[in-house]
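Chemist: Here the protein sequences line up with chains A and B, keeping their order.
Letter 245 of the first sequence, counting from 1, is numbered 245 in this note's numbering, and no numbers are missing.
Letter 373 of the second sequence, counting from 1, is numbered 373 in this note's numbering, and no numbers are missing.
A couple of the hints might just be wrong.
Stated by the list, open to error - Taking lysine to aspartate or glutamate pairs in the EDC-like style, the calculated list, with each CA pair at most 20 Å apart, reads:
id, chain 1, residue 1, chain 2, residue 2
1, B, Lys161, A, Asp178
2, B, Lys6, B, Glu71
3, A, Lys161, B, Glu170
4, B, Lys336, A, Glu137
5, A, Lys112, B, Asp212
6, A, Lys210, B, Glu340
7, B, Lys112, A, Glu139
8, A, Lys70, A, Glu58
For the record, the hints were derived by calculation from the structure and aren't laboratory data.
There are 2 protein chains.
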Amino acid sequence: MGDIVKIAILGGDGFCGWPAALHLSDQGHDVVILDNLSRRRIDEELGTSSLTPIRGIEERLSAWREVSGKEIGFEHLDIARDYEGLLSFLQRFQPEAVVHFAEQRAAPYSMKSAGHKRYTVENNTSATHNLLAAIVESELDIHVVHLGTMGVYGYGTAGMKIPEGYLNVEVPTEDEGDNISQQILYPSNPGSIYHMTKVLDQHLFAFYAKNDSLRITDLHQGIIWGTHTPQTERDERLINRFDYDGDYGTVLNRFLMQAAVGYPLTVHGTGGQTRAFIHLRDMVRCVEIALENPPAAGERVKIFNQMTETHRVRDLANLIAEISGASVEMVPNPRKESAENDLHVVNETFLKLGLKPTTLSEGLLVEVEETARRYAERADLSKIPARSLWTAEQIAGEPESLAVESLIAEQSVDALQR
Amino acid sequence: MGDIVKIAILGGDGFCGWPAALHLSDQGHDVVILDNLSRRRIDEELGTSSLTPIRGIEERLSAWREVSGKEIGFEHLDIARDYEGLLSFLQRFQPEAVVHFAEQRAAPYSMKSAGHKRYTVENNTSATHNLLAAIVESELDIHVVHLGTMGVYGYGTAGMKIPEGYLNVEVPTEDEGDNISQQILYPSNPGSIYHMTKVLDQHLFAFYAKNDSLRITDLHQGIIWGTHTPQTERDERLINRFDYDGDYGTVLNRFLMQAAVGYPLTVHGTGGQTRAFIHLRDMVRCVEIALENPPAAGERVKIFNQMTETHRVRDLANLIAEISGASVEMVPNPRKESAENDLHVVNETFLKLGLKPTTLSEGLLVEVEETARRYAERADLSKIPARSLWTAEQIAGEPESLAVESLIAEQSVDALQR
Ligand SMILES: NC(=O)c1ccc[n+]([C@@H]2O[C@H](COP(=O)([O-])OP(=O)(O)OC[C@H]3O[C@@H](n4cnc5c(N)ncnc54)[C@H](O)[C@@H]3O)[C@@H](O)[C@H]2O)c1
Ligand SMILES: NC(=O)c1ccc[n+]([C@@H]2O[C@H](COP(=O)([O-])OP(=O)(O)OC[C@H]3O[C@@H](n4cnc5c(N)ncnc54)[C@H](O)[C@@H]3O)[C@@H](O)[C@H]2O)c1
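Next comes chain A alone, as it looks inside the complex:
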């Protein structure tokens, strides 16, 4: 990708899509954002908003023009519902690549009610499928880079390293002969409706890669942390989203907020859940690397694990407590999951291709100071608790405390499995 290429960023107004769009535009590529702004509408539905003062998409784009002299296009389009609009955009713009961030991405939000489950399944499945069907119909040769999640693997694989998408297995034969060796899509075990939609996406990709020779890269991403990239920092009007609410805020951001406002960091269960993380800056770089290394037509879907380190939740809490002086408190877990799990992940592809990871230990302090403390006054602390419960039994057995004001200080891992 030394050349200038045309790239469409689906979901380019979101937390990952916006810095990715700026980075790729900064590299000189011709970038167009497609977004239906649904994430902003969900903020209204939940009565929440980004801790950081994000601007409207038009203001963002004109600020970028002003600051960089570069133009990013914008199409207000629902890719799940407006197939014709998507197709005609592809035919008009003729992108070499599409980066697909445009999905409902919060696990707790996806579990809130039947309506939220249905919205998540329909939005995410149709968004992905419309894109694939439109590329086939357009007859253009477009590389699709999709943001998937580490959460499709499921956790707790005893002592085994999670490979990059595909697993070598041996199938015993009936006649006591040699085992048959096969490489299969890693068996999935999603922990929420949201994660399940990423499993469905995998099967859509596998089919279109096989049947139509579409070139697809699926990035199995860990939980993003960090808020700023060199581009978003150039002007406050370019600032990126920081979610800290019980639905969209990741565990890390919510710890950061609690630390910033002097609340104890509340850890669910034993805090023994291990999760994979990657800094926003590294995500942006990974997307670029993925764009530079497309699969050939006819090749199976390329799957990269996009994460740089793993941590247990209680260790994270301790790390932030250390930096910020906050205390740590343990509370019951609203998720249906095992209390403790190990997580070992292969992430060689990106490292070999030149990724230089930003580590939590170097970056966290900056986050506490330059994001959480700086904008703490904008925070609505009543939005921090996670109120989504995973099952009917959990809803029936909901502890009193989950409904009361004291909850303001509660920290959840609900948003962990990004």
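Go by the hints and put chain B with the ligands onto chain A.
Modeler: For chain B with the ligands alone, kept in the frame of chain A given last:
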């Protein structure tokens, strides 16, 4: 299921759903059909109709009342689009079981155009997901029996018997220690968008069984053959659907039609594709057996292979040619698939639970005489050829012959992987 139970049949106006509804009503159960009659609308879209003179749903139901003294209820409802209607039906009727046939089920139809792909994905995924979400929301304990397909397994598993849904694999460890043994959902390899939707269904089921302890049985069904059951034969107004067109007609029905009208049976490619079959009567009995043997709450999805014999397409053609005196002709294959494949399938569960299979060799002659020849005059022979092509290359390379009249006599295996 010795007792009378309340059973909802989703898609109960269709080829499988109708005889299943009659059979279960005949057994004394309280049966309600939910159907949006989309299959009849698709007949209009394609300009086709059932070879057999099927009646409207209201006439069917009143004929059954007259003949049997039994009442089958009917709700005209789109389960993919009318979630509230589905939920309120469940709350009102409080079924013990739901049999879910309500999906777009033709592989060639699902490949016709981007619109058909999108319809199939959205209809099937939303139908299944709405059902699962509605059951959770209703808080009723309902056993879901779903009709899946043998086609999710993909074909060509070298010498290995296809197990019932789950595969034992060994995962080599890195440290040269013992392999880890695991049982996983059989790796899928769907051959069309339609088949892919059944793969998506599997992941929806796995999630809801795990997260919400829903009780689900998924029947991986072979290609149905045969038209009549003892109930549909009681009165001509109860007659079942017989599809012979290029989209919905299975290979067998289309051979039967060709034989009945004196055309050569055209086999695609070498005719070396092996497929699994089951008679309509046995399907109905399998559904009953599945209803009698639900999984416990908290158990994983029960998967049964619902097929009784496998045949190569050329052997089928020869069998029918023998019975009917027709000749056999070979033509190019419009599908993207391997020319020859073996297929060995485990189907012990149903046999152990008492299924007595009807074999092709006993039943085929009846079909030629009592269905194909009897209604041959109603046939529109121009509808027999399969016109859906799987990929852009195939569309570009479409042989002249696929567009001309001579095609009337062409036989396709497009509808094979039922
Ligand atoms: N944030 C994380 O920690 C994380 C971790 C792993 C994977 N991911 C994945 O990365 C992607 C982006 O995540 P994010 O954190 O930026 O989420 P986000 O919600 O901030 O951004 C998603 C964007 O997509 C848009 N969108 C959603 N549905 C759309 C539709 N139908 N048509 C057009 N636009 C639509 C939204 O308006 C939003 O701007 C998601 O697919 C997510 O699953 C994120
Ligand atoms: N026929 C076969 O050989 C075969 C083989 C394997 C599996 N199956 C499966 O068995 C099931 C039934 O197949 P069939 O041959 O009876 O198909 P069919 O098309 O004759 O019947 C399906 C019925 O479902 C209804 N339907 C579809 N979408 C609906 C919706 N959204 N809401 C309400 N009703 C809806 C249709 O109107 C139709 O009456 C399908 O799921 C199919 O995949 C069939």
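Chemist: For every hint, state whether the structure bears it out.
Modeler: For each hint, the structure was consulted:
{"no.": "1", "hint": "Lys161/B with Asp178/A", "verdict": "15 Å, holds"}
{"no.": "2", "hint": "Lys6/B with Glu71/B", "verdict": "12 Å, holds"}
{"no.": "3", "hint": "Lys161/A with Glu170/B", "verdict": "15 Å, holds"}
{"no.": "4", "hint": "Lys336/B with Glu137/A", "verdict": "18 Å, holds"}
{"no.": "5", "hint": "Lys112/A with Asp212/B", "verdict": "14 Å, holds"}
{"no.": "6", "hint": "Lys210/A with Glu340/B", "verdict": "18 Å, holds"}
{"no.": "7", "hint": "Lys112/B with Glu139/A", "verdict": "15 Å, holds"}
{"no.": "8", "hint": "Lys70/A with Glu58/A", "verdict": "14 Å, holds"}
No hint from the list above goes unmet by this structure.
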